[in-house]
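Place chain B on chain A using the hints.
2 protein chains.
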Amino acid sequence: MAIHRFDPNFTNNVVNAMGPKTSPRLRQLMTGLIHHVHDFARENELTVDEWMQGVQLLNWAGRMSDDKRNEGQLVCDVIGLESLVDEITFKLADEAADAPTATAILGPFFRADTPYRNNGDDIVVNKPKDGEMVFMHGQVMDFSTKKPLVGATVEVWQASTNGLYEQQDPEQTEFNLRGKFKTDENGRYYFYCLRPTPYPVPDDGPAGKLLQLMDRHPFRPAHIHILATYDGHKPLTTQIFDRKDQYLENDSVFAVKDSLVVDFVPRKDDPQAGLELNYDVKLVPEAKTNGA
Amino acid sequence: MAIHRFDPNFTNNVVNAMGPKTSPRLRQLMTGLIHHVHDFARENELTVDEWMQGVQLLNWAGRMSDDKRNEGQLVCDVIGLESLVDEITFKLADEAADAPTATAILGPFFRADTPYRNNGDDIVVNKPKDGEMVFMHGQVMDFSTKKPLVGATVEVWQASTNGLYEQQDPEQTEFNLRGKFKTDENGRYYFYCLRPTPYPVPDDGPAGKLLQLMDRHPFRPAHIHILATYDGHKPLTTQIFDRKDQYLENDSVFAVKDSLVVDFVPRKDDPQAGLELNYDVKLVPEAKTNGA
Numbered sequence: 001m002a003i004h005r006f007d008p009n010f011t012n013n014v015v016n017a018m019g020p021k022t023s024p025r026l027r028q029l030m031t032g033l034i035h036h037v038h039d040f041a042r043e044n045e046l047t048v049d050e051w052m053q054g055v056q057l058l059n060w061a062g063r064m065s066d067d068k069r070n071e072g073q074l075v076c077d078v079i080g081l082e083s084l085v086d087e088i089t090f091k092l093a094d095e096a097a098d099a100p101t102a103t104a105i106l107g108p109f110f111r112a113d114t115p116y117r118n119n120g121d122d123i124v125v126n127k128p129k130d131g132e133m134v135f136m137h138g139q140v141m142d143f144s145t146k147k148p149l150v151g152a153t154v155e156v157w158q159a160s161t162n163g164l165y166e167q168q169d170p171e172q173t174e175f176n177l178r179g180k181f182k183t184d185e186n187g188r189y190y191f192y193c194l195r196p197t198p199y200p201v202p203d204d205g206p207a208g209k210l211l212q213l214m215d216r217h218p219f220r221p222a223h224i225h226i227l228a229t230y231d232g233h234k235p236l237t238t239q240i241f242d243r244k245d246q247y248l249e250n251d252s253v254f255a256v257k258d259s260l261v262v263d264f265v266p267r268k269d270d271p272q273a274g275l276e277l278n279y280d281v282k283l284v285p286e287a288k289t290n291g292a
Numbered sequence: 001m002a003i004h005r006f007d008p009n010f011t012n013n014v015v016n017a018m019g020p021k022t023s024p025r026l027r028q029l030m031t032g033l034i035h036h037v038h039d040f041a042r043e044n045e046l047t048v049d050e051w052m053q054g055v056q057l058l059n060w061a062g063r064m065s066d067d068k069r070n071e072g073q074l075v076c077d078v079i080g081l082e083s084l085v086d087e088i089t090f091k092l093a094d095e096a097a098d099a100p101t102a103t104a105i106l107g108p109f110f111r112a113d114t115p116y117r118n119n120g121d122d123i124v125v126n127k128p129k130d131g132e133m134v135f136m137h138g139q140v141m142d143f144s145t146k147k148p149l150v151g152a153t154v155e156v157w158q159a160s161t162n163g164l165y166e167q168q169d170p171e172q173t174e175f176n177l178r179g180k181f182k183t184d185e186n187g188r189y190y191f192y193c194l195r196p197t198p199y200p201v202p203d204d205g206p207a208g209k210l211l212q213l214m215d216r217h218p219f220r221p222a223h224i225h226i227l228a229t230y231d232g233h234k235p236l237t238t239q240i241f242d243r244k245d246q247y248l249e250n251d252s253v254f255a256v257k258d259s260l261v262v263d264f265v266p267r268k269d270d271p272q273a274g275l276e277l278n279y280d281v282k283l284v285p286e287a288k289t290n291g292a
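Residue numbers (this note's numbering), protein chains in the order written: chain A, 1 to 292; chain B, 1 to 292.
Hints were generated in silico from the structure; no laboratory data involved.
Any given hint might turn out to be false.
Because identical chains share one entry, a pair is satisfied inside a single copy or across any pair of copies.
What the hints assert, rightly or not - Straight-line Cα separation of at most 27 Å, BS3-like style, residue types lysine-lysine; simulated pairs:
#: 1; residue 1: Lys209; residue 2: Lys21
#: 2; residue 1: Lys68; residue 2: Lys209
#: 3; residue 1: Lys244; residue 2: Lys257
#: 4; residue 1: Lys282; residue 2: Lys182
#: 5; residue 1: Lys268; residue 2: Lys127
So here's chain A without its partners, still in its complex pose:
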């Protein structure tokens, strides 16, 4: 705890006000939260006026939020909190003996009801004029044995060149730019999609105001979402980013990791696509439980 000139017992008094029926996890989280919030206020000698500006900003976020928009989430995103809790949750899931796919870390645009398509299909149902076509393919294999996994599922989803996912955009056909594929007898999947493009997070609310105050832009680098699953293996949820994207080094929501950067390369002699992306997926076998 920092040394300061304010009531030294105040924070403990607030923490100790919690009653005996508080659940252990809530007690832990509220204790940590209260300590950090109070330390933040004392260390920076936060004034009533400054605090009230923060309150008004959070209230504004709540008022903007509805079924289609979560501005509170976006405010967290621009200070990196969602990416951080993603990292934490991935790590916890990775360490668990039997990790189910956490729907939360799939992000807000995942749809559980996405239909299967056939390898070789084109997920670009509505082709934007400024879209570049990509032949995406790869192999799903076992992380330990490197053997191909036959019949594994690879699910992908991406925004169109206007920055909108199909469920955000009345102009797009349902399930446009998303699909599930089963790997073939060699563990391979392949299909046509768009080269993803960067897009700004909505910046007409408090998250945009914060970005402006912090002298930052609202853009996310281009990415494709992937969920790969196979029985007896831990599911893999990820986003892959275009190495040539101008916002790769300064994603407005801090989701880029070096290992997730991929190369779109020229593809020859394919009338359907001028670019190609190879992305192999290695799935980790589930840990066996109780030594069985």
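For chain B alone, coordinates are given in the frame of chain A:
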């Protein structure tokens, strides 16, 4: 910084994203906020699901807030943040050579347009059936010389026994339970008011939900607000609390300080009041500037 097993560069990357046009104070506050929020998440291994519950709670607070209700403020109050920034702001004002009355620390129920009344007046325009009448009086004096200050202003405001201030309650006459008084030739003020009563903060929203999860009650101990001013002296803003109140030790918003606890004592031979409260006010002279 705590040792942890997550990306050690992540928080600095988020902080360093701030551009050169960020104001120095905002940079300081956002740097502190980002560090504390990230440390909180890592130390407690906050999951995506837990974080999202917090986001939904803050969005709910925003949706409940309007001109008459600030639920985001109330959420802060129940974790002690408003009382803490009050303490910080008071201390900063106290240290300033020439401290104006900070309207922010007067709280949401202060009204700048409160009329003067005469000493001896009754501020209880609408007398509630369960109200106990109090003769409140005291002397305003100079902190250094202890000499009475003649013509000082003492302003008071209080909630009625239903827990509502007049501007919250259509049943109360305007300026009910509030008034400004000038001290007489002996520096004394005196008037009739209600013995204040405890009341719950609104608990039908996220602040109430948090209180319930923390196994706490929503009550505030009974109190009267006071603002005392006199030319050449620092204004004094305070709340005084009834020593006999059952919630004195566990105010739901943590505003009680020992020095602010007062005694309501029986008053004899006054048909207007069965109780009496003596509260003297010492005002600190403004520091002289530039040795003048």
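task: Of all the hints given earlier, name the ones this structure violates by number, lowest first.
output: none
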